[in-house]
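Visitor: Chain A is fixed; fit chains B and C onto it per the hints.
Chains as they are written, first to last, in my numbering: chain A, 424 to 748; chain B, 424 to 748; chain C, 424 to 748.
Just to be clear, a hint being listed does not mean it is correct.
Which copy is meant is left open, so a pair is good if it fits within one copy or across any two.
[Said to hold, decoys possible] In silico BS3-like cross-links for lysine-lysine, where the CA-CA straight-line distance does not exceed 27 Å:
| id | residue 1 | residue 2 |
| --- | --- | --- |
| 1 | Lys447 | Lys585 |
| 2 | Lys500 | Lys471 |
| 3 | Lys585 | Lys690 |
| 4 | Lys447 | Lys508 |
| 5 | Lys447 | Lys471 |
| 6 | Lys508 | Lys585 |
| 7 | Lys500 | Lys690 |
| 8 | Lys447 | Lys500 |
It is worth saying that the hints were derived from the structure and are not from the lab.
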Amino acid sequence: MRRRNLQLDAQGRLRHLLTIEGLKRQQIVDILDTAESFIGVGDQPVRKIPLLRGKTVVNLFFEASTRTLTTFELAAKRLSADVLKININTSATVKGESLLDMLRNLEAMHCDMFVVRHGDSGAAHLIAQHVAPHISVVNAGDGRHAHPTQALLDMFTIRQQKGEFAPLTVAIVGDILHSRVARSQIHALTTLGVSELRVVAPRTLVPEAVSGLGVHVFHDLHEGLRDADVVIMLRLQKERMQGAMLPSEHEYFHTFGLTEDSLAVAKPDAIVMHPGPINRCVEISSEVADGPQSVILQQVSNGIAVRMAVMSMVLGRAPVDEEAR
Amino acid sequence: MRRRNLQLDAQGRLRHLLTIEGLKRQQIVDILDTAESFIGVGDQPVRKIPLLRGKTVVNLFFEASTRTLTTFELAAKRLSADVLKININTSATVKGESLLDMLRNLEAMHCDMFVVRHGDSGAAHLIAQHVAPHISVVNAGDGRHAHPTQALLDMFTIRQQKGEFAPLTVAIVGDILHSRVARSQIHALTTLGVSELRVVAPRTLVPEAVSGLGVHVFHDLHEGLRDADVVIMLRLQKERMQGAMLPSEHEYFHTFGLTEDSLAVAKPDAIVMHPGPINRCVEISSEVADGPQSVILQQVSNGIAVRMAVMSMVLGRAPVDEEAR
Amino acid sequence: MRRRNLQLDAQGRLRHLLTIEGLKRQQIVDILDTAESFIGVGDQPVRKIPLLRGKTVVNLFFEASTRTLTTFELAAKRLSADVLKININTSATVKGESLLDMLRNLEAMHCDMFVVRHGDSGAAHLIAQHVAPHISVVNAGDGRHAHPTQALLDMFTIRQQKGEFAPLTVAIVGDILHSRVARSQIHALTTLGVSELRVVAPRTLVPEAVSGLGVHVFHDLHEGLRDADVVIMLRLQKERMQGAMLPSEHEYFHTFGLTEDSLAVAKPDAIVMHPGPINRCVEISSEVADGPQSVILQQVSNGIAVRMAVMSMVLGRAPVDEEAR
Chain A
424 MRRRNLQLDA
434 QGRLRHLLTI
444 EGLKRQQIVD
454 ILDTAESFIG
464 VGDQPVRKIP
474 LLRGKTVVNL
484 FFEASTRTLT
494 TFELAAKRLS
504 ADVLKININT
514 SATVKGESLL
524 DMLRNLEAMH
534 CDMFVVRHGD
544 SGAAHLIAQH
554 VAPHISVVNA
564 GDGRHAHPTQ
574 ALLDMFTIRQ
584 QKGEFAPLTV
594 AIVGDILHSR
604 VARSQIHALT
614 TLGVSELRVV
624 APRTLVPEAV
634 SGLGVHVFHD
644 LHEGLRDADV
654 VIMLRLQKER
664 MQGAMLPSEH
674 EYFHTFGLTE
684 DSLAVAKPDA
694 IVMHPGPINR
704 CVEISSEVAD
714 GPQSVILQQV
724 SNGIAVRMAV
734 MSMVLGRAPV
744 DEEAR
Chain B
424 MRRRNLQLDA
434 QGRLRHLLTI
444 EGLKRQQIVD
454 ILDTAESFIG
464 VGDQPVRKIP
474 LLRGKTVVNL
484 FFEASTRTLT
494 TFELAAKRLS
504 ADVLKININT
514 SATVKGESLL
524 DMLRNLEAMH
534 CDMFVVRHGD
544 SGAAHLIAQH
554 VAPHISVVNA
564 GDGRHAHPTQ
574 ALLDMFTIRQ
584 QKGEFAPLTV
594 AIVGDILHSR
604 VARSQIHALT
614 TLGVSELRVV
624 APRTLVPEAV
634 SGLGVHVFHD
644 LHEGLRDADV
654 VIMLRLQKER
664 MQGAMLPSEH
674 EYFHTFGLTE
684 DSLAVAKPDA
694 IVMHPGPINR
704 CVEISSEVAD
714 GPQSVILQQV
724 SNGIAVRMAV
734 MSMVLGRAPV
744 DEEAR
Chain C
424 MRRRNLQLDA
434 QGRLRHLLTI
444 EGLKRQQIVD
454 ILDTAESFIG
464 VGDQPVRKIP
474 LLRGKTVVNL
484 FFEASTRTLT
494 TFELAAKRLS
504 ADVLKININT
514 SATVKGESLL
524 DMLRNLEAMH
534 CDMFVVRHGD
544 SGAAHLIAQH
554 VAPHISVVNA
564 GDGRHAHPTQ
574 ALLDMFTIRQ
584 QKGEFAPLTV
594 AIVGDILHSR
604 VARSQIHALT
614 TLGVSELRVV
624 APRTLVPEAV
634 SGLGVHVFHD
644 LHEGLRDADV
654 VIMLRLQKER
664 MQGAMLPSEH
674 EYFHTFGLTE
684 DSLAVAKPDA
694 IVMHPGPINR
704 CVEISSEVAD
714 GPQSVILQQV
724 SNGIAVRMAV
734 MSMVLGRAPV
744 DEEAR
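Okay, chain A solo, but in the shape it has when bound (with noise of 0.2 Å):
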């Protein structure tokens, strides 16, 4: 419970992002409209706006990562945010001093966010308990826990190509048991109410308590995606994974690889989302991950608009912020 809140403020505003778990249905849809006013931005020929002129934003990130530290970085440069990029490995930590002791720093520095990834499931939670009143703590991806950036780009994307969650179908198809980027992705569909959920999966990676979560199980390809509006593919972990879940590359895509044939069994319209990097001819064929049901692209497009969002929001200088004032 007290988890669940943390991310609030005692206005119900939001005041970290945390988790997608806890938020109500209206506060998902408020970051997905702010981020709608930041679209335009991107195609602007001066793609900056001075909304966190002044605020420091850290990237603290304990896993490697380009793709997103890259979208936060240029999410807070577009708002004219000063941003720190902290090299965990190679700094102060080695020297003894405790995570904490290293926020509490950043703290005394007047930074104003920081952006956490890390290995741990629960860590932005942690660091979000210790901070500060002023800090505001984004989660980038912790563990196999939660990822919510991720998925709000991805509610940002299907409402931007179908309009609706209600009418539809959506298969998560993958290694559900390790993905932080599909439980976000369950509670934001559960959340907005699409019409029917549904996991894709060999036995082995599907976690026991999904079923607790409304989401229909199946472990054949071709069945999941039957009439399915909106396919999600998740990378293959395979850092993640230990020992003999899975028997090889080859034969998962045999059998869980999205292809033109998979893809055929969906609703002609159908969209293919995946969060990337991809792995071609493991997850997800280059005929469909280039082809033109494809959006792949365009969440990463989306990512950016849905962190200037999140940023501008915890912050409390979001435009739709400042109007109700």
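Guide: Using the frame of chain A, we list chains B and C on its own:
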């Protein structure tokens, strides 16, 4: 003689900041006063002033550092300067380019300031001796020699907490021998004229020359702390110590670590300082580090303002300077 | 044919800068003239113009570099662009993402320019063939093929020092075989029409094709330098040489190193150039490198202005362009 004056221009104004040694009382006070004018910037919604807009500050860190590097980067960005971080290890130096050639090149690129951290004592002086007339050098720590911006932010914090230096008894505790911080603090405190200046350390960690600086040496923690107004704990520089100068960390903490017990012999309103990062349960207990007498995080905050002051003064653009013209 | 024209748009204007080869004389002169207009920026108190404000420049360096990377970063910042440095090694590439997928993603993030350095000849061309219409590619050195901005800053420096190209005798000395710099210089000097162009190198370090380019080949340093107006020394690319093409560095310096003695056979007002970083006592003596005829550091300064010119021209926003509209 030449070394001391290297940091002043013909009019006696600060051109480089290399060491506290040789600075006059009024020069130190001027820096503290200028820093005072920057303290407000950290509390403003827009933490940015255009004093160094269009200037290029180069961070040349030959030693790993997070905190000092980050504070210099933040200070420069809040003054609106462009900041270059030269990655010394993975860079052209390895290709055989000598340090001085690299500096020549950065000068030719119209950079304005080199912030230098180096493991060798005298490195910043050496660089200052060779730079072009339009370049300022700021020493961010050289070997065992000096760390002047740290000492200045410590003086700022003491003045902020205690008002006057004259009546104060100040105890510096720990590894005096290896500490560039202690060396710079001793020069600053002597110049600013405290009532009594003590160093407290095991015999093996006190340099012989220290008694010539007007400092009282104590080898017993309780004696050294008795009735002190200011207690400055040093970081135990484990990585700098070789051989068996110390029995063990546990033993060190037992005899020289600051705890609530040992702090009780100082004045009731004594403040506790530490340059960070702290080694909890080695030189200081968590109760004291996080307790009401600790001003450790204020030191970090003040570090931004003091570095903004130094950077703007050496480039001749401090607000105080502008007025004087 | 296609490769040469790839860098021009339908109106013959510069869209990418990939190679000097295929550029018309007037196009090179336009770049030099534009750079001329930026030279003043480096001397102004505020070294910043808003020409590329809101644009995002991505430095994609697959090879280690300090100087070139730094000058591109500085040039972009002085044009007020946002700069992203993608750390290629520690990034998603390792996770199996192909280069082209990474580029697609950066495009989707609304980046505007890729500055590419790569160990493979043709890498920048390959990238330029695949980028979206709104992206410009600047080659910052590809394998042994080309380093066009280096050649342009060299031409700028020659014109600055000598005024006209037509009457000049220019000698390029050193490892021609492995040098992308030499290749680009030869194309530039030939197009700009110098009186005589010489390459001076051991037989093992001259490519066979070079004589077809209208170049006179010398294997004796003194003969090659006789009455030269411009002497361009190349860096001995030790890391690129395998096997026993050269006896030893000492022997190389003895026969092909530029010293005061060997320079004496050139014209008395000959200028000495080097792309840096220099190997002192391998290809050049310190007396010459630091002597009155050396313009090596001017090359570095000019490099900022030339890169500002190229960056603003490929994005269609050079001051010269603006006027023409």
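Visitor: At most 27 Å between CA atoms: does that hold for Lys508 and Lys585 within a copy, between copies, both, or neither?
Guide: For Lys508 and Lys585, neither the intra-copy (37 Å) nor the inter-copy (35 Å) Cα distance is at most 27 Å.
Visitor: Cα distance capped at 27 Å. Does Lys447 pair with Lys585 within a copy, between copies, both, or neither?
Guide: Result: close within a single copy only, 21 Å intra versus 50 Å inter.
Visitor: How would you label the pair Lys585, Lys690 (within, between, both, or neither) given a Cα cut-off of 27 Å?
Guide: within (13 Å within a copy, 70 Å between copies)
Visitor: Are the CA atoms of Lys447 and Lys471 at most 27 Å apart within a copy, between copies, both, or neither?
Guide: neither (30 Å within a copy, 36 Å between copies)
Visitor: Using 27 Å as the alpha carbon limit, work out where Lys500 and Lys471 are close: within a copy, between copies, both or neither.
Guide: For Lys500 and Lys471, the Cα distance is within 27 Å both inside one copy (8 Å) and across copies (15 Å).
Visitor: Please sort Lys500 with Lys690 into within, between, both or neither, judging by C-alpha distance up to 27 Å.
Guide: neither (39 Å within a copy, 48 Å between copies)
Visitor: Given identical chains, is Lys447 near Lys500, meaning Cα to Cα at most 27 Å, within a copy, between copies, both, or neither?
Guide: Neither: 29 Å inside a copy, 38 Å across copies.
Visitor: Is it within, between, both or neither when you check Lys447 against Lys508 at 27 Å Cα-Cα?
Guide: Neither: 32 Å inside a chain and 38 Å across chains, both beyond 27 Å.
Violated hints, listed in ascending order, are 4, 5, 6, 7 and 8; each of the other numbered hints is respected by the structure.
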